[in-house]
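There are 4 protein chains.
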Amino acid sequence: MEYRRLGKSGLQVSALSLGSWLTFGNQIEDKVADELMSIAYEQGVNFFDNAEAYAGGKSEIVMGNILKSKSWDRESFIVSSKVFFGAEPKGVNRVGLSRKHVIEACHAALKRLQVDYLDLYFCHRPDKDTPIEETVWAMNTLLQQGKILYWGTSEWSAYEIREAIAVAKEYHLIGPTMEQPEYSMIERNKLENEYSMLFRDHGIGTTIWSPLASGLLSGKYNDSRPDDTRFSAIKSLGWLENKRLTEENIEKARKLKAIADELGTSLPKLALAWCLKNPHVSTVILGASKTQQLKENLTALDVVGLLNDDVMAKIEEVLQNKPEAPQF
Amino acid sequence: MEYRRLGKSGLQVSALSLGSWLTFGNQIEDKVADELMSIAYEQGVNFFDNAEAYAGGKSEIVMGNILKSKSWDRESFIVSSKVFFGAEPKGVNRVGLSRKHVIEACHAALKRLQVDYLDLYFCHRPDKDTPIEETVWAMNTLLQQGKILYWGTSEWSAYEIREAIAVAKEYHLIGPTMEQPEYSMIERNKLENEYSMLFRDHGIGTTIWSPLASGLLSGKYNDSRPDDTRFSAIKSLGWLENKRLTEENIEKARKLKAIADELGTSLPKLALAWCLKNPHVSTVILGASKTQQLKENLTALDVVGLLNDDVMAKIEEVLQNKPEAPQF
Amino acid sequence: MEYRRLGKSGLQVSALSLGSWLTFGNQIEDKVADELMSIAYEQGVNFFDNAEAYAGGKSEIVMGNILKSKSWDRESFIVSSKVFFGAEPKGVNRVGLSRKHVIEACHAALKRLQVDYLDLYFCHRPDKDTPIEETVWAMNTLLQQGKILYWGTSEWSAYEIREAIAVAKEYHLIGPTMEQPEYSMIERNKLENEYSMLFRDHGIGTTIWSPLASGLLSGKYNDSRPDDTRFSAIKSLGWLENKRLTEENIEKARKLKAIADELGTSLPKLALAWCLKNPHVSTVILGASKTQQLKENLTALDVVGLLNDDVMAKIEEVLQNKPEAPQF
Amino acid sequence: MEYRRLGKSGLQVSALSLGSWLTFGNQIEDKVADELMSIAYEQGVNFFDNAEAYAGGKSEIVMGNILKSKSWDRESFIVSSKVFFGAEPKGVNRVGLSRKHVIEACHAALKRLQVDYLDLYFCHRPDKDTPIEETVWAMNTLLQQGKILYWGTSEWSAYEIREAIAVAKEYHLIGPTMEQPEYSMIERNKLENEYSMLFRDHGIGTTIWSPLASGLLSGKYNDSRPDDTRFSAIKSLGWLENKRLTEENIEKARKLKAIADELGTSLPKLALAWCLKNPHVSTVILGASKTQQLKENLTALDVVGLLNDDVMAKIEEVLQNKPEAPQF
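Residue numbers (this note's numbering), protein chains in the order written: chain A, 1372 to 1699; chain B, 1372 to 1699; chain C, 1372 to 1699; chain D, 1372 to 1699.
Hints should not be assumed to be uniformly reliable.
Any copy, or any two copies together, can satisfy a pair, since identical chains are not distinguished.
Here are the simulated lysine-lysine pairs, DSS-like style, with alpha carbons at most 30 Å apart [what the hints assert, rightly or not]:
no. : residue 1 : residue 2
1   : K1441     : K1402
2   : K1482     : K1685
3   : K1628     : K1685
4   : K1648     : K1499
5   : K1628     : K1441
6   : K1402     : K1518
7   : K1518     : K1379
8   : K1626     : K1379
9   : K1499     : K1685
10  : K1441     : K1614
11  : K1628     : K1591
12  : K1693     : K1561
13  : K1461     : K1482
Hint data in this document are derived by calculation from the structure and do not stem from the laboratory.
Using the sequences provided together with the hints, build the complete structure.
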């Protein structure tokens, strides 16, 4: 396993990590979750990603039970939670980024995960109804109390992250260390364009999600629509299905598959390696519902070396979506 | 129930809330207090207001016992205390806003209320004999320790609140979030005039008390002086009785009653709705000694919509007390 | 004429103002420029917009001569310049936002405009090769020297403006007051979406350009391509011509013309009034090559009152380009 | 003459000073103005108060001509101007406290007064349409440029002054040194109550105006309404006449006259001495239209020693208007 610094921070995170979204406490049995975590840990994965909202809190309970059952040193892994959407039950002060919810949600996550502190704690979305200042302060309070080690954001705009950095500076607090954006061959703008100055000037790290573009780049939709996918399993993901599984995107997936074939690798591994090649990616979060799939994807680092300039140019020709800053 | 942000903060507070002043541990039986809190909670009230000085500390004990007896999640309610006047017994360092008293009073309130933290903690009055700096620091210490979530003031001048904001800024601390001023059709200057720039420039929220002007706007004094009032029950309130129950004010109450009649509502509901209409009111604290009275007043939000420009003008004509900023 | 605050600043700027881009020193005779400025000033316009790059510096020379020839008090008007592209001749340190160029360009603009100070001084574009810190400091140096009164940006991203605000705060300098973005019915994203938090949290004002979308909303392209346009006159604007004069946009212009007809006004006045209705627009910069055209457009404020909810909805239906913040 | 520090500053100001409001360039001949300034200067007065708005700018022109004609060292006197209301001609950016007006008004005042710098520069009123931050910055710019030495406010609320102090602190700028409030036996609240903490905690000095309550305490209205007063001369002062010359106030003036008689002094000297006795008064600004009147009033310092506790108590009994902070 390769380890990378989380942005400019000193924290070393495995280049590939394991997320529990849609799977733990939901799409898969707890036993499978246990197997997945064990495989990952044995392969050197040190980061397990979670959130209060995943399976309404159950994802954290499942992961907490697994962590509890293992003999893994607390120092050997990094575990996260995220606050914003609320776990079950919902309530008027159980969502968003108010100090009350940020703090109460942390306490609840610590309990569900059965740990004394979170390594990473994310603001899962921006909250227009709470001043960023209040959230930055709340994160710091938790940090000073030893309940979290690093805090960050997920799917915030560059502007909002800059606001959080400014507020932290102004009040002499610890600002955000990382952002968790969506990033894949299909969804590139935030990481390759919008965040450029955040990387250059502020050293933000990234823990990217959906590197396979919701399964599109697994190649499973290349020929026909299979039955046993997350879109079949979880009805509420219809919006994502519509956005990702367009004919145009599936056509791209087919062409990328051809490139993978030429390189003697698989499409998903090509897609993951392509993400890993971006120096602003600190870690690629893998989702997995099957052990075999995870084992396969964990070898994606081997493919990064194959991505020379020629291959990258060929991929770019297929993708046709390189984001550009405004020209004058 | 409608929920409002507490000023610019991210905390959502019910537009109507329940206070224990003069009633809990004093004018009413604990059983009635329990019924009042249950009714309020079921109607969506999420804020219960208290203070160390209410009934010499007994008000917090009563409320703490009730909270303990319920199965309400801690996340679902907001509970406050206030420091300044001291609970019983009094003592030289048991009053005011010194660091010793602010911190010791918080500990005592947590014990009486049987909670791990207060959501809101108020400086009940300004303390001329303690630097505001010392109090702001003490509040921050409690906040960083997780013993309070938001702190504020009650009956401070705009200048004093601005001093606290400036001190917090200077030392990089968390400043006051809210103020608890008296506000009603009869007592308007602070909220409508003195605090204007605090609202505009600093986003202070308000949890207003005495919306019925010490019972004047309940209408019970409109015809004659009844026997079973707080003024009969609590002898020490003579000063308030003299200030509120003037012939001029009672005449206003009679005319407002006529307006309420026309709108098909009651005088107290009209008076509460009028407070709720002010956008700088985060929550109106209701006092109640009878369940029927509370149930009735909790429907005051329905009346806000009736207060159109015409009705507001009629009310203004009766009140003749609109505060104005100095003209040049 | 209506006057508006330039964002949160205390400066009052006429809601309609006159810009010299493409016209002064270029498309029009100096005599016409003089007539245009006189008409504007007499109608209450108090802001005249300029830049070092307009006509390679000639635009400022023309405007300076006109200002010199009038008996207008310096207090009665606001004049701007912008730095980035350089005037003629160009040179390696005659472009960009280095301290050397920001300061030298200001001196040159003061000379060309024959004034002692600029009211507004804009960074005409962001400069990736100069730290924002250096530019903010340079602006402050000029401000403290009395050579400029307010500084701002043009076509910067929200992130970049936030960076400038943060740097100013950190070093205790005066941050940017205004931004000059393109804004019209056709180009809406920056003003209606990207800058939202800059308006809400930082009070940035805007002096918008191209309110008629490069002439598209004058209606002159509705029937056929006329000969005497800026696109005929200035060959280098081909990129703009291609971007604006699409068949889709011309079709929109035709439909908007029908709405203008119904309201008994003209298409350009409708388009200007629509910009003026946005509360985040401090002033709409008019370009004009003919006196009649300017006189007509200066009456656009009369149309704002006609834009009720129904009309706005009809316009939205034609435009189909309302920007939206990301939804979760 | 006695000299006092202007608040906590090191500037020594004569306890009695000369103001030009209503007289210079208006009610009196320039020759009389010259005589008044000469008498004052010879008696040790070192502060001459002025404002852009006094007589539409003429007051400063008259004073400037007088200062020019004398051989007084620049170091031997203190001269002020005030910005807010504008001189003639008025204009949209020629009033208020925007950076443009604060700076342009300073330049204009320097020209009218024919001096290189103002010793004191006041914000004549608060400006709700300009951020206090912008005004504080503008004052500092002038101060750094050497165009003013101290800046302050006039008739601002304690809150607004505290805001200015906070902003100055936050940006590391020079905050306000003094305030010019109305103060007399009749108008006491600001100086004796509202500003208490400004004096105690921030060392603000005061240059008080209208110590004779618009002439009421000259005693000239004690018997009948004379013809040759400012109220006869300047019709626009009707509002002030109505506020001051009430029967209640005139009755007070009569009783105070009796006390003055007992002390063997005059009513105006008693009234001035009473102001001088307040330690928070840095200087009492005298207005005068006649040389005799000025000579007389300049001896008021002799009376301060007569104001022992008994006399002060007697005066208080007459006034019945001692301001009090709220009691709890």
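- request: Could you check the structure against the hints above and give me the numbers of any it violates, in ascending order?
  value: 2, 5, 8 and 10
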